[in-house]
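*Asks:* Next come the chains, spelled out residue by residue.
Number of protein chains: 2
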Amino acid sequence: MEKIPYKIYLTENEMPRAWYNLRADMKNKPAPLLNPGTHQPMKAEELSPVFCEELIKQELDNDTPYFEIPQEVYDFYKMYRPSPLVRAYCLEQALDTPAHIYYKFEGNNTSGSHKLNSAIAQAYYAKKQGLKGVTTETGAGQWGTALSMACGYLGLDCKVYMVKVSYEQKPFRREVMRTYGADVTPSPSESTAIGRKILAEHPGTTGSLGCAISEAVEVATSTPGYRYVLGSVLNQVLLHQSIIGLETEAALKKYDIVPDVIIGCAGGGSNLGGLIAPFMRDKIQGKLDARIIAVEPASCPSLTRGKYAYDFCDTGMVCPLAKMYTLGSNFIPAPNHAGGLRYHGMSSVLSQLYDDGLMEAVSVVQTDVFAAAEKFARVEGILPAPESSHAIKVAMDEALKCRETGEAKNIVFGLTGTGYFDLVAYQRYNDGEMTDYIPTDEELAKSLATLPVID
Amino acid sequence: MEKIPYKIYLTENEMPRAWYNLRADMKNKPAPLLNPGTHQPMKAEELSPVFCEELIKQELDNDTPYFEIPQEVYDFYKMYRPSPLVRAYCLEQALDTPAHIYYKFEGNNTSGSHKLNSAIAQAYYAKKQGLKGVTTETGAGQWGTALSMACGYLGLDCKVYMVKVSYEQKPFRREVMRTYGADVTPSPSESTAIGRKILAEHPGTTGSLGCAISEAVEVATSTPGYRYVLGSVLNQVLLHQSIIGLETEAALKKYDIVPDVIIGCAGGGSNLGGLIAPFMRDKIQGKLDARIIAVEPASCPSLTRGKYAYDFCDTGMVCPLAKMYTLGSNFIPAPNHAGGLRYHGMSSVLSQLYDDGLMEAVSVVQTDVFAAAEKFARVEGILPAPESSHAIKVAMDEALKCRETGEAKNIVFGLTGTGYFDLVAYQRYNDGEMTDYIPTDEELAKSLATLPVID
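Chains as they are written, first to last, in our numbering: chain A, -1 to 453; chain B, -1 to 453.
These are computed hints drawn from the structure, not numbers from a lab.
You may find that some hints are simply not true.
The list treats identical chains as one, so a pair stands whether inside a single copy or across any two.
[Said to hold, decoys possible] Quick list of in silico lysine-lysine cross-link-like pairs, DSBU-like style, CA-CA up to 30 Å: (1) K252 x K5; (2) K1 x K251; (3) K125 x K195; (4) K5 x K76.
Isolated chain A, as found in the complex (with noise of 0.2 Å):
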């Protein structure tokens, strides 16, 4: 048997042509999207007004397995893609585990993470509607810096809104955008109706990726020419996201190589649904016996402590409804957080298949996330993101399990991003000034208590 590199690169040839759509094979799908008035399912034409025609479509399609990449977006990937699939031969050396562990490597390139996937095929389709420019949000700025990317290269207008935190923690976030041609602003902020009477409610609130996204939507349903655009939690991003399973399921079936263990950091779930997409067919479809496993902050729990229930998308409730695992849509981690991963609910796709037991879910604390990282970083030269460490941290967990059991598991992480604009936590942490955070039950029940009734 040859001998496995340290990076299974595919050749662009191998690069795949469509993006797959996990609802299709789903047996269980998503439940839809309600319209917050009526409380009906949203129509394509209800949601026209803020999201380009393309996406929409792909947001409601249940049932088309595959979906075209589009040419243009298609060579753009090219410039970035296919991603490495690294073996990481010292990590194991330095756990001294008997289990064979693999990440999805997302960060080669200057957006630093996986988002650049979604943005430039959601920028694309904003582009081919004719659009003038498109509105977001962003909390750790790596959304943002992948829509201003893409939007820099097709020559498209984005208006960024920062959750005012990671503005402040990420100075240099800021200014890669804006070299990108970007305009960003911190939410909340006095430039939306939205953003003044969140203000005024909680004055001297650090923001969150609700807020954000509110002042975002209002942007966009009230400039001429403009829609909003999400990084994670929709179903057309987890479709785009796809890429990364499936280059990752070509890279292992090059060295016949079966994962026993799936491991993603989730937040909306972008990275996660992306990355096991095509594993979780197959484990529906009984030809795969793997353990699926998603990590999230215990400061921000929604699938280890939330609700499984229709919820606001926003604090500001402009959004359709969604059903999700939720903490409630005015749910603002502690501020000490710094590990990204901070929306309050979890895509409506994961959400279900969580719910129906084809997924685990843990929640780790960020000191020991940051060990992990910090750990890494060392033996396997990449700098982390704070998001993707949550993921390190389990994937490590599962290999000092083998170096007990002694069995040499094939363990397949997905490192979505880099850190080198959370150099902040990196000093809170190297410093010793880092705490954790997890929230109390009383806390939870009292953002819970903001869930909308449906009936």
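Please build the complex by placing chain B on the supplied structure of chain A, with the hints as guidance.
*Replies:* Here is chain B on its own, set in the frame of chain A:
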């Protein structure tokens, strides 16, 4: 003919097994290092208090054409090498040029640059010699980060003296180095005799590579179990960096591409010397008729405006004398200079090649460099390091000349790294606050007046 892919990757097995020593094929050898007291060529035993044994051998060997890469270094390389040779299709389209542009991308590792190629080699030899640690200087921070990574991996102590202006402009660089376990001190500092002397003579100085080198050497020679390592200028560094050129050569040969113009940025010369090594050999041997261009900042123009003479390598005048194109060892670029490449001299190898007419040199002002960088970032998707952007600027100029003449030249340049830690400079550029600086003839005459007199 097979279409050339966006990224030409070599397989692991195609990665060179040996570094190539261009000196072995130079007709006029680079001038030897001289003892600053006796002005006689430095012997190995005189260098051994400063440098590691094995590295001294490599430094002094002008005859051996190949040095095998140690297995441990080779395995480390496999974490991030072979690096891609990218066909810049998008840039060609944006410039509407018939030229074919290729760049060797060395930013695909956390240190963010090619410096890691020599850092791991030097750290390996230090460890093999049983040392406790190494000291070094860093300017823009790329070398310090690379050495921190290498030392973190091998478990060696690492003390970094960082030029103060960079330390202040790049606050997160320090955190990356700390995450990899290094000690970082802004230079000049109060922690060394030479640092105190420089601070007394030039209060408020923002530092220079020359100062930082002096401090690092002082600490290495006065601390048992330590040696000094350097990221550029030296013959050994160019030797290790030859892997850039060897991989580039192998990737071009895969598609029968013969370069017409080869372009690299040049500060001390580590990247350029590595990139051009095999091509310069072919040029010397009459097998290749390509232009080879060094690009330097107009604010630190050692090749284009310096003098070819013996000079001190450091401000403190504790290092051996090297014959090189130099601006004088107390030359410090103006504080508005943000583009890196701020060393007062140039590698003896490159200086000799330039003096022999085998290489051209041009200088460019930094606002032009950042304009090229921004254009490149938007069309090629990679935010380039300011250093690398010097090469981008001239590659674009050459491609535009091809548009005039209609020639489909093959232009190859080195994209040495990424600009994630250079966003203060990008911000200044984005805000229109960046200015250019070109030293006057009087200023250069003043710093050149400090050259030592050699019989």
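*Asks:* All hints, please: hold or fail.
*Replies:* Hint by hint, here is what the structure shows:
1. For the identical chains of this complex, K252 and K5 are neighbours both inside a copy (12 Å) and across copies (20 Å), given an alpha-carbon limit of 30 Å.
2. For a Cα distance limit of 30 Å, the shortest separation of K1 from K251 qualifies both inside one copy, at 14 Å, and across copies, at 26 Å.
3. For the homomeric pair K125 and K195, neither the shortest alpha-carbon distance inside one copy (32 Å) nor that between copies (61 Å) is at most 30 Å.
4. For the identical chains of this complex, K5 and K76 are neighbours both inside a copy (17 Å) and across copies (8 Å), given an alpha-carbon limit of 30 Å.
Of the hints listed earlier, the one the structure fails to meet is number 3.
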